[in-house]
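Colleague: Same order as they appear, the protein sequences are chains C and E. Here the first sequence stands for residues 1 to 227, where the numbers follow the numbering used here. Here the second sequence stands for residues 1 to 261, where the numbers follow the numbering used here.
In short, the hints are calculated from the structure, not lab data. Hints may contain errors.
Here are some of the chain E residues that sit facing chain C, going by a computed Cβ distance under 10 Å [claimed, not checked]:
(1) Ala-10
(2) Ala-19
(3) Arg-24
(4) Gln-36
(5) Ala-86
(6) Trp-232
The calculated lysine to aspartate or glutamate pairs, modelled on EDC-like cross-linking and capped at a C-alpha distance of 16 Å, are [claimed, not checked]:
(7) E:Lys-196 to E:Glu-222
(8) E:Lys-28 to C:Glu-57
(9) C:Lys-48 to E:Glu-58
(10) C:Lys-42 to C:Glu-57
(11) C:Lys-46 to C:Glu-57
(12) C:Lys-74 to E:Glu-32
(13) C:Lys-141 to C:Glu-154
(14) C:Lys-46 to E:Glu-32
(15) C:Lys-76 to E:Asp-35
Sample of chain E residues lacking proximity to chain C, with all beta carbon distances greater than 12 Å (derived) [unchecked claim]:
(16) Trp-5
(17) Leu-12
(18) Ile-30
(19) Glu-32
(20) Lys-39
(21) Ile-41
(22) Gln-64
(23) Asn-112
(24) Ser-119
(25) Arg-123
(26) Ser-162
(27) Pro-175
(28) Glu-178
(29) Phe-185
Each residue gets a CB set at the ideal place from its N, CA and C atoms; glycine is no exception.
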Amino acid sequence: MRISPDEMVFFEYGFVKINFTIVTTWAIMLFMVIGSILVTRKLVIKTKISRWQSILEMVVTGIKEQIEEVGLHKSKTYIGFLGTLFLFLFTSNLLTILPVYEPPTSSLSTTAALAVSVFFAVPVFNIMEHGILDYLRSYVKPLPIMLPFHIISEFSRTLALAVRLFGNMMSGVIILGILITITPLVFPIVMTAFGLLTGSVQSYIFTILATVFIAAAANETETEVNT
Amino acid sequence: MLFDWFTFAAQLVNFLILAWLLKRFLFKPILEAIDQREKLIANQLHEAEESKANTGREFERFQQKNSEFDRQRGDLLTNAILEINAERQKLMEQTRVEVESLRLRLQESLRNEQLNVGSEIIRRTREEVFTVVRKTLDDLASANLEEQMTTVFIKQINELNSDQWGMLNSALCKPGGEIYVRSAFEMPVSQQIAIKNVINGNFKLLADIKFETSPQFISGIELITNGYKVSWNIEDYLISLEANITDLLNQRSDLMTEKVS
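Only chain C is shown next, with the shape it has when bound in the complex (with noise of 0.2 Å):
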């Protein structure tokens, strides 16, 4: 049996690798560029505007909200970065419905991947808004000792993403692999369904916690430099 679809390689020269993960990832990269190209062609900044244009600028205040109400209060700053993030994430798992299709989520390369991004993204993030001096100095804050803790907290909280993504993702499809082995009928429609509704949580959460870790970090660094 199948556990990542890492496992599903297309093309292969030496380190090389063209599996179906980053097939996928394509394909979605694809989808979601052509679709934003499109709908973004015909925006209008008339009070009356289409439906389409409407749901569109919903989604993207709704993110912008989300982002503010976590505590980043530039959201602009941030929505591509955790905007990209939620949408990969829902567009990935949403596409479970259809067959034979199986999200870049559920390989732990990906899920990784995008957990060394948010990883990265904190001190990036934190040092355009503060600086180095400061985003450095928040590590040894309020003691030197803390050091270490600080360091252990970066990579453990990377990690604990990463693993959470990947292992909802990536059971739900064996659970699904699993079920339709058992009962081809019915059962794994509610289950997909299930999937379905488990992955925009998992979606959700996901983006969710970038968005506090790199607020947390930024409002940390605000607080000590503003004491």
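Based on these hints, arrange chain E on the given structure of chain C.
Modeller: Just chain E now, with coordinates in the frame of chain C:
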């Protein structure tokens, strides 16, 4: 194999590229559109607020003008009423003066007419009375009227009371005074002598009495000396008659005036 480093690196790069592309083609245009529309709505709201404020100011100005107009209209109306009342009073006064003037003219006219009628009546009455008396005396006594008047005049002198007699005597006895006897007709000598005898006899005089004829007399005789006069004249009766007729006419005139008023 649960983890693949190449896939990990590729997914990392893929995600970063996707993030950049979505920011470029999705989030940025939408956020800009939202911002521009918010700005547009804010401008429109601002314009609406300004318009509302302008409308409020216009409404206040309109109300102010309206109240001013009402006040001016009220003033004009009051002035017009006052002017109309004054004009009415003036016209009423003018009419009253004209009516009073007309009434006075009517009264004057009536009075003149009354006088004319009275004079005419007196004149005719005198003539008629005189004619009647003359004819009656002619018919009854076979004597003319002049003789009868002389007889009556002489009788009047003889029957003067003591006061009248005293006053006439004192007038006759004043020196330098002329004694005139005037009559409406040419008195016959016999009658002149009779009168002269009565006067001289009664008052013990030898005076020269002058007899004159006065055409103003209708009929009668009078004795005048030193401002004293004794007379018998049919005019006295006529004056009495005239007074009675005048009273009667005055009463009728008053009745007519009341009707006119």
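Colleague: So, for every hint listed, does it hold in this structure?
Modeller: We went through each hint and held it up to the structure:
| no. | hint | result |
| --- | --- | --- |
| 1 | Ala-10 | 5 Å, holds |
| 2 | Ala-19 | 4 Å, holds |
| 3 | Arg-24 | 9 Å, holds |
| 4 | Gln-36 | 4 Å, holds |
| 5 | Ala-86 | 66 Å, violated |
| 6 | Trp-232 | 133 Å, violated |
| 7 | E:Lys-196 to E:Glu-222 | 13 Å, holds |
| 8 | E:Lys-28 to C:Glu-57 | 11 Å, holds |
| 9 | C:Lys-48 to E:Glu-58 | 31 Å, violated |
| 10 | C:Lys-42 to C:Glu-57 | 13 Å, holds |
| 11 | C:Lys-46 to C:Glu-57 | 14 Å, holds |
| 12 | C:Lys-74 to E:Glu-32 | 15 Å, holds |
| 13 | C:Lys-141 to C:Glu-154 | 15 Å, holds |
| 14 | C:Lys-46 to E:Glu-32 | 13 Å, holds |
| 15 | C:Lys-76 to E:Asp-35 | 11 Å, holds |
| 16 | Trp-5 | 8 Å, violated |
| 17 | Leu-12 | 4 Å, violated |
| 18 | Ile-30 | 5 Å, violated |
| 19 | Glu-32 | 8 Å, violated |
| 20 | Lys-39 | 9 Å, violated |
| 21 | Ile-41 | 6 Å, violated |
| 22 | Gln-64 | 36 Å, holds |
| 23 | Asn-112 | 102 Å, holds |
| 24 | Ser-119 | 112 Å, holds |
| 25 | Arg-123 | 118 Å, holds |
| 26 | Ser-162 | 139 Å, holds |
| 27 | Pro-175 | 142 Å, holds |
| 28 | Glu-178 | 138 Å, holds |
| 29 | Phe-185 | 135 Å, holds |
Comparing the model with each numbered hint stated earlier shows that hints 5, 6, 9, 16, 17, 18, 19, 20 and 21 do not hold.
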